[in-house]
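**Student:** Sequence:
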Amino acid sequence: MPYHVPLGRSGWSLWRDAALRGTGFPARRILEICDDELAAAADACDEAVPATGERYSRAYLAAAARLSAAVRHLATDPRFREAVTWQNPALLGGCLDRLAAGEPRNVRGRGHELTVVSYLQRYCLKNDTIGFFGPVGWALVAGADPATAPDPASAPDPAKAPDPAAAPGSAVPGLSPAPGPALLRRRTTYFEGWALDVLAEVLGARPDVWPWLRPRRLPTTVLTGWLLRLPLRKPVKLSAAEVRVLPQCDGGRAVLDIAGDPPDPALVAALLRLCELGAIRIDLHGVDGTWPERDLARRIDTIADPQVRARTRAPLDELMAGRDAVAAAGGDPERLAAASATLAGAFERITEHGAARDPGRSYAARTLVYEDTVRDVDVRIGQRITERLAGPLGAVLDSVVWLANTVGCGFEARARALLDRSGGELPLANLLNRVLPDLRQLSRRSVECDLVDEATAGLQTRWRRVLGLTRRCSTGRGTTSTAPPSPRASPSSSPPGRRAGRAPDGTPRT
1 MPYHVPLGRS GWSLWRDAAL RGTGFPARRI LEICDDELAA AADACDEAVP ATGERYSRAY
61 LAAAARLSAA VRHLATDPRF REAVTWQNPA LLGGCLDRLA AGEPRNVRGR GHELTVVSYL
121 QRYCLKNDTI GFFGPVGWAL VAGADPATAP DPASAPDPAK APDPAAAPGS AVPGLSPAPG
181 PALLRRRTTY FEGWALDVLA EVLGARPDVW PWLRPRRLPT TVLTGWLLRL PLRKPVKLSA
241 AEVRVLPQCD GGRAVLDIAG DPPDPALVAA LLRLCELGAI RIDLHGVDGT WPERDLARRI
301 DTIADPQVRA RTRAPLDELM AGRDAVAAAG GDPERLAAAS ATLAGAFERI TEHGAARDPG
361 RSYAARTLVY EDTVRDVDVR IGQRITERLA GPLGAVLDSV VWLANTVGCG FEARARALLD
421 RSGGELPLAN LLNRVLPDLR QLSRRSVECD LVDEATAGLQ TRWRRVLGLT RRCSTGRGTT
481 STAPPSPRAS PSSSPPGRRA GRAPDGTPRT
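The numbers in the sequence shown follow this note's numbering, run straight up by one, and end at 510.
In short, the hints are calculated from the structure, not lab data. By construction, the Cβ of each residue, glycine as well, lies at the ideal position given by its N, Cα and C atoms. You may find that some hints are simply not true.
Unchecked claim - Beta-carbon label-pair distances, calculated as ranges: (1) Pro392 <-> Val287: 34 to 42 Å; (2) Leu436 <-> Ala101: 24 to 32 Å; (3) Gly345 <-> Arg206: 19 to 27 Å; (4) Arg58 <-> Ala144: 54 to 62 Å; (5) Pro78 <-> Gly289: 53 to 61 Å; (6) Asn127 <-> Arg472: 49 to 57 Å; (7) Trp210 <-> Thr188: 45 to 53 Å; (8) Arg233 <-> Val287: 18 to 26 Å; (9) Trp463 <-> Thr188: 35 to 43 Å; (10) Ser57 <-> Gly289: 54 to 62 Å; (11) Ala144 <-> Gly278: 42 to 50 Å; (12) Ala304 <-> Cys409: 34 to 42 Å; (13) Ser57 <-> Asp332: 42 to 50 Å; (14) Cys34 <-> Pro78: 53 to 61 Å.
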């Protein structure tokens, strides 16, 4: 079976495997906090007719009471409480329990209601990929149309039986969803990388562990004779001991092997200075990955002294057991809250570090562990859908090529100009440092880069021409019955030559 499926006549092809994103809560649950009576009263309100304003005021008070009741119900809902526990366990006692107990609707109470509503909106309407409230699914893009099946209108309950209230929706030609008996097919709990970094730092700092650490040279380190060259820094002249030690820092030899037993003070000093210079690392930190605890365990297991190894491994084993207890509590909000609290307590006792990273800020990876789940559904996407998408999606992908090449060629030209002014030779790190400041702006909400701004303006101009929009018009309406002309134009018309410039779900034409 080929790996790709043609996207109509666009010249593009799609990977057969496609990620399927969706909410873990039924979308209809958002109606629990909506109020049609209040909306109708607002629509009928007329300043010229005082009676309508009075009716609106009465409707508002009644709607506020209904909202408070709905929020109190949500605060006691087991699924909602479990979802919040995974994300922000501090909200259980500080928000949900207070609302469930009938907290007054004062400033703080209204703020708690708003918090609950914002979480419900996320769980019902946002295509997250996290936890059981944002399970990932997989779809197969087929070359031929599958047998059409009803598309469920809402997510099933995570229990073994499907949600009895879920009503099937209308059939979608070319789309065949086959939901399983439950919401989730698999759920797995992982450590956050930052938590294991903290643990590795603490364990590696123990005096009895340090002799068994394996120094490793950083890939940016260059030794030329007696000179140590590091990115963005002047060369540093090393001592004889440092020159002797540096090649031995290959990650395979322990400090004890390099410095001797008993250790040579001069060689220990050399290792410490190389570490201070940033030429080597002497710690238990590993590589980023899905299972950081496994990498840390492997590093600990290289400690030759069995007693030191056992003492160092014990804290990791305790946290892994706590993680397993959290995983086993999935589906039971009370057990989950207790297991999470136990894990947090163990982490704080072992590391003397908080169990939440920068509490109060809104971002991912705040807690010690997270859960990823796989949705229990199989979906096939047929030719009728890919044919309808070919025109508009092909044009969008064409414009992606144009934008990627325009921006990429612009930065490449800047880099070449810098290289030419430097006589044709420039350390790569120095070259990137002088080009990348503009690129770093791309991670901000407001891009402040003239090159990117010019390319973006050019893309917008091309799309306005394709869609027939004037400069003053911000929206337009069209059909997909015919393929629109491509907004892509020469000279940047070839497939992107940069790996990061490729669309993740499409392959450039050959």
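**Student:** A separate judgement is required for each hint: does it hold in the structure or not?
**Tutor:** How the hints compare with the structure:
1. A hinted range of 34 to 42 Å holds for the C-beta pair Pro392 and Val287, which are about 41 Å apart.
2. Checked against the given bound of 24 to 32 Å, the beta carbons of Leu436 and Ala101, roughly 53 Å apart, lie outside it.
3. The hinted range of 19 to 27 Å is satisfied by Gly345 and Arg206, whose Cβ atoms lie roughly 21 Å apart.
4. The hinted range of 54 to 62 Å is satisfied by Arg58 and Ala144, whose Cβ atoms lie roughly 59 Å apart.
5. Taking 53 to 61 Å as the suggested C-beta distance range, the pair Pro78 and Gly289 does not conform, at roughly 33 Å.
6. For the pair Asn127 and Arg472, the beta carbons lie near 33 Å from each other, so the given range of 49 to 57 Å is not met.
7. The hint said 45 to 53 Å for the Cβ distance between Trp210 and Thr188, and at roughly 34 Å that hint is violated.
8. As the Cβ distance of Arg233 to Val287 is approximately 25 Å, the hint placing it in 18 to 26 Å holds.
9. Between Trp463 and Thr188 the C-beta distance comes to about 41 Å, which sits within the given range of 35 to 43 Å.
10. For Ser57 and Gly289, the Cβ-Cβ distance of about 58 Å falls inside the hinted range of 54 to 62 Å, so the restraint holds.
11. Distance hint for Ala144 and Gly278: a CB-CB separation of about 57 Å, inconsistent with the stated range 42 to 50 Å.
12. In this structure the supplied range 34 to 42 Å is violated for Ala304 paired with Cys409, their Cβ-Cβ distance being about 54 Å.
13. Separation of Ser57 from Asp332 is about 44 Å and conforms to the stated range, judged on CB atoms against 42 to 50 Å.
14. Roughly 22 Å separates the CB atoms of Cys34 and Pro78, a value that falls outside the hinted 53 to 61 Å.
Hints 2, 5, 6, 7, 11, 12, 14 from the list above are not met by this structure, while the remaining hints are.
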